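I would like the entire structure built from these sequences, with the hints used as guidance.
Chains G and L supply the protein sequences, listed in that same order. Residues 2 to 468 (my numbering) are what the first sequence spells out, left to right. Residues 2 to 468 (my numbering) are what the second sequence spells out, left to right.
Honestly, the hints are just simulated from the structure, not real lab data. These numbers were taken from a predicted model, which means no experiment stands behind them. There may be inaccurate statements among the hints.
Pairs involving identical chains hold if they fit within one copy or between any two copies, as the list cannot separate such chains.
Stated by the list, open to error - Straight-line C-alpha distance at most 30 Å; calculated BS3-like pairs for lysine-lysine:
no.	residue 1	residue 2
1	K85	K241
2	K90	K463
3	K90	K466
4	K389	K76
5	K463	K100
6	K466	K364
7	K378	K389
8	K378	K100
9	K378	K82
10	K76	K378
2 protein chains.
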Amino acid sequence: MQEYDAIVIGTGSGMIVVDRLLRENPDARVAVIDRDMAGGICLTRGCIPSKLIISPVEVIYDLENLSEFIDAEVKGVNFEKIMKRMRNKVESESRMIEKSLKEFDRIDYFRSSAEFTAPYVLEVDGKHIRSERIFISSGSRPLVPRIDGLEDSGYLTSDSLLHLEDMPESLVIVGGGYIAIEYGNFFARAGCDVTIIEMLPRILSSEEPEISRLVHQELSEHADILTSHRVVRIEKKGGKKVVHAMGDNGGRSVTGEEVLVAVGREPNSDILRPEKGGIETDERGWIKVNRYLETNVRGVYAVGDANGKHMFRHVANREAVIAYMNAFHDAKIEMDYSAIPHAVFCQPEVASVGLRENEAVEKYGRENILIGFEEIKSTGKGQGLNAKGFAKIIINRETERIVGAHVVGKAASVLIQEVTTVMALNAPFHSILHAIHIHPSLSEVISWACGNLMSVDDYHRKIEKEL
Amino acid sequence: MQEYDAIVIGTGSGMIVVDRLLRENPDARVAVIDRDMAGGICLTRGCIPSKLIISPVEVIYDLENLSEFIDAEVKGVNFEKIMKRMRNKVESESRMIEKSLKEFDRIDYFRSSAEFTAPYVLEVDGKHIRSERIFISSGSRPLVPRIDGLEDSGYLTSDSLLHLEDMPESLVIVGGGYIAIEYGNFFARAGCDVTIIEMLPRILSSEEPEISRLVHQELSEHADILTSHRVVRIEKKGGKKVVHAMGDNGGRSVTGEEVLVAVGREPNSDILRPEKGGIETDERGWIKVNRYLETNVRGVYAVGDANGKHMFRHVANREAVIAYMNAFHDAKIEMDYSAIPHAVFCQPEVASVGLRENEAVEKYGRENILIGFEEIKSTGKGQGLNAKGFAKIIINRETERIVGAHVVGKAASVLIQEVTTVMALNAPFHSILHAIHIHPSLSEVISWACGNLMSVDDYHRKIEKEL
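Below, the structure is given as C-alpha cells:
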C-alpha cells in the first residue's frame, strides 16, 4: 500500500496545502485526488465563471440610474461572447493547474473518485493509498430538491448553466438565495424574462431584511419575484416548462424556456464514504471539525465547503492554511470566523461581514448594541452617480468593536473591506473615524455611518421613515 | 470695538470650528466672515460641483471596456441637466448653511471682505472687530498665469466653468494637473473635442509616472494631449480661440470654442492683508503655520487651502478640528499628514496616499523599500469588468509599515481606503494579508499587492516588461 506524507482530496483550496508542503519539505510525497476538472468549484463552476458571466451587466444598472444625464441605448448583451470568454478563462486556468499536478514528480494525481476503506486509507483507481495527514476539501454540489416533474422536464443548475450556448428567452428560477439572485439579476438585466420563486418571505434571507427589501425593489423593475411561494410541480408543455407554485393565497403558474434550480448546496463528501474512514459527519452530511479544523480522526482535516461552515473560496483558502499549520507545524491555530466578508454581486451590490443585527442583539443584548447608518446618496460621489443604498454598522457599545457591517449599493464589495480589516485587527470602530476618507468618495458612507450611531430602536424608527 | 470669542474667516471647514465652539460653549459669540456664497470652495466651486458634473461619464468608460459584451450606443450626455442638477444641489446646500449663519443669534455673519488692521483686529463692513482666537480658512482661487492675449480672448476657470449653459464643441485646457484632467476627461468622454496642453513632460505630474502613463494612454483615445508644451499666446479668431503652444521640437496651434485655464491655485489670503495682522506668509502668499496649525501670532490659526499644505476638503476638515482643539482646549495636537489620501476622478480613476516611490526612497533609502504590485486584471472581478489598472504599495522593509500606496483603475478611491485606515492605525502591512478579502472582488488587488513584494529595482524591471 502506497504511503504518502499527505493525501489531499480536491484541487481547490486543497492546492494550498499541496503547495506549502512541497515548498517546505522537498522530500514530501503527496496524493491529490479530484474526480472533476482541476481547480476546485470556485474556479471551475463557482465564483470565477459566475463573476465572468454576470459582471458586465453592472454597467447596465449604473446607466439606468444615470439615464437622465447619459443618453444611451442598451440593445442587449452578447451572450455568446460572455460565455466564450468565461469558458476560455476557466479552461486555461484549470489546464495550468492540471499541468502542474501532472508534471510534478512528487505528486500522484488521481482524476478519479475515491472512497475511504479504513481510517487513513482510501481506495482510488483500484489502489489503496494511506496517509496520516488527510485533507478533505471535496467541496459541495447544487442541491436539487424533490419536486414533482422536475427530473422529467429537465432543469439547469449553477453547474450546467455554464454550458448554455444561447440565452434563454425566459427563465424560471427556483430559489432566492445568493446564487439565484446573482443569476436572476444577470439574466433579467440582460433582457431575459426572469421569474424568481422563493419559498421564504423574502429573497436573500440570510442578509439583513432592509437589504433584501432594496434588492427586491430594484430587481423587480426587471424580474418577476414571487416570495412565500413553494414550487410544487413542473411540467413540460409545448417545448417550455410550466412551473406551478403555491403561496398562502393560492397558486401561480409560470412558463419558462428554462428552469434554474438554485436552492442551496449539499456536501460531496458522501462519495468519499467518510464513515468507513471513521470520520463523523453531521445530519446533512457535512464533515464535522473542531476549532482547529480537525475531524474526530486525528490528522484528518476538512476545509472549505466540505465542513459546511462558510462556503466561500476566501474562507476555504484561510482554512487550508490553518489546517496545514496545525497538521504539519503542530500548531493549535483556531479558525476565526468573526471577520468573514461576503458579497452578492447583484445590483445594487450587497456585501456583509460579521453578525447580523438579530445575531448581535441575541449575543450582546439589545441595550449593548449601537447601529451606525448612512445612505450612499448622502455622499457627494453617491449623488454624482445617483446611487442607491446604504451602510449599516453594528457596534458593541461596551467594547467599541464592530461586530457586523452590511452594505448595499455601488462598490459594496470594496466598501466592506475597510470594516473587515478593522475587525480583523480588533481595532475599535473609531479607528475608522480617525482615518481620513477622501471627500467626496463613496468611502465616506462607511465613516459617516460610524459617526452616526443610534440605538437599535432608534435605528428602526429611522429606517421605517427614511428607507 | 466688538470683541468675539472667535473670528472665523471662511465658511467651508471653518464651520467646523463654529459648530464645535457653539456646541461646547453656550455663551460664545462668533463672527463669521465670507465674501462668497456660504459653504466654502469645496461645496460652492470645488469638489462637490465638479463631482456632480463629472461622475456620470464613469459609466461611459466602463461601457467602452465592456463593448465586446454589452451592445449599447452612447449618444451623448445631457449637459443641461447635469449642470442644472449641480447648481440645484450646490445652491440648496449653500442656502442651508447661510440660513443657519443668519438665524443663529450668537453668530454675526458678514458676507463681505475683511482686512486685518492690527494683530487680532479685522475691519469688515466698516466695523472693527477683535478676537484672540482667529481661524483663517479663506481658501484659494484659480491661478491665472500671464499669457499673451489670454485676458483679451477670454477664458474659463474651474470657477466660471460652473456657469456654462451649453457644452462647448471644443475645449483647449491649459494645464495637466488634477483639475485639468478631471474636466478634460469629462468633456472628452462627453463628446467635446478636447486638447490638453501641459508644460511638464507628463500629465498628473504629482502622481507616480506609471499612473500618469496609464491615464494618458486611456484618455488619449478621446482627447489630444500635448505634454512638454508651453502656451505662449492666445488669440481670438472668427469667434474661436487659437492657442499657440511651443514644445522642444517646435510649435502647435490649437483652436477651441473655449479655453479652460487650470494650472494651479493661489491663496486668497492676500485680500485679508495678513501682514497688517502681523501674520507671516510664505513667498507664494500661503499662511505659515507650525505643527499645531498656529501662525506666528498666538491664537491665530490657518486651516485648509489657506495654509497651502494639502488642498483637499478632507484635510481641511481634520485641520479645523485640530486647530479648534489646540485653540480652545489648550491641546497640543500635531496635524499628521502621513495618511492623507486623495483621488483624481478621471477614468481610469486614480487614488493615492502617503509617499510616492521617489519620496520614500529618498527618506528611507532604496534598500529599505519594498514595493508590492498587482494588476486589477489579475483579480476575477477585474477580469469580469475587463478593467485596467493596478495597485502599488510602498513598504518600509524595517518597520513593515506602508509608507505610500497608489492605485489606478476602477474604484481606486474606495480601494485606497483600506490602506489609508491601516496606515492611520500604524498597523503593519501584513494586517492586510491577515484580513480576509472577498474572492473574487476588486479588493483583492490590494491584498495581492501586499503579498507580492519586491525590491525597487525588481519593480522597475517588472513594470518595464509588463505595463
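Okay, the hints, checked on the actual structure:
Within a single copy, K85 and K241 get their C-alpha atoms as close as 26 Å, which meets the 30 Å cut-off; across copies the closest is 50 Å, which misses it. For the identical chains of this complex, K90 and K463 are inter-copy neighbours only, at 23 Å across copies versus 46 Å inside a copy, given an alpha-carbon limit of 30 Å. In this homomeric assembly, K90 and K466 come within 30 Å of each other (Cα to Cα) only across copies, at 23 Å, whereas the closest approach inside a single copy is 47 Å. Taking the closest pair of Cα atoms, K389 and K76 come within 30 Å of each other both inside a single copy (24 Å) and across two copies (25 Å).
Taking the shortest alpha-carbon separations for K463 and K100, only the inter-copy value of 25 Å comes in at or below 30 Å, while the best intra-copy value is 57 Å. For the identical chains of this complex, K466 and K364 are intra-copy neighbours only, at 27 Å inside a copy versus 53 Å across copies, given an alpha-carbon limit of 30 Å. For a Cα distance limit of 30 Å, the shortest separation of K378 from K389 qualifies both inside one copy, at 6 Å, and across copies, at 27 Å. In this assembly of identical chains, K378 and K100 lie within 30 Å of each other by CA distance solely across copies; the values are 23 Å between and 49 Å within a copy.
Within a single copy, K378 and K82 get their C-alpha atoms only as close as 35 Å, which misses the 30 Å cut-off; across copies the closest is 18 Å, which meets it. Both within a single protomer and between protomers do K76 and K378 lie at most 30 Å apart by alpha-carbon distance, with minima of 28 Å and 26 Å respectively.
This entry satisfies every hint, going by the numbered hints stated previously.
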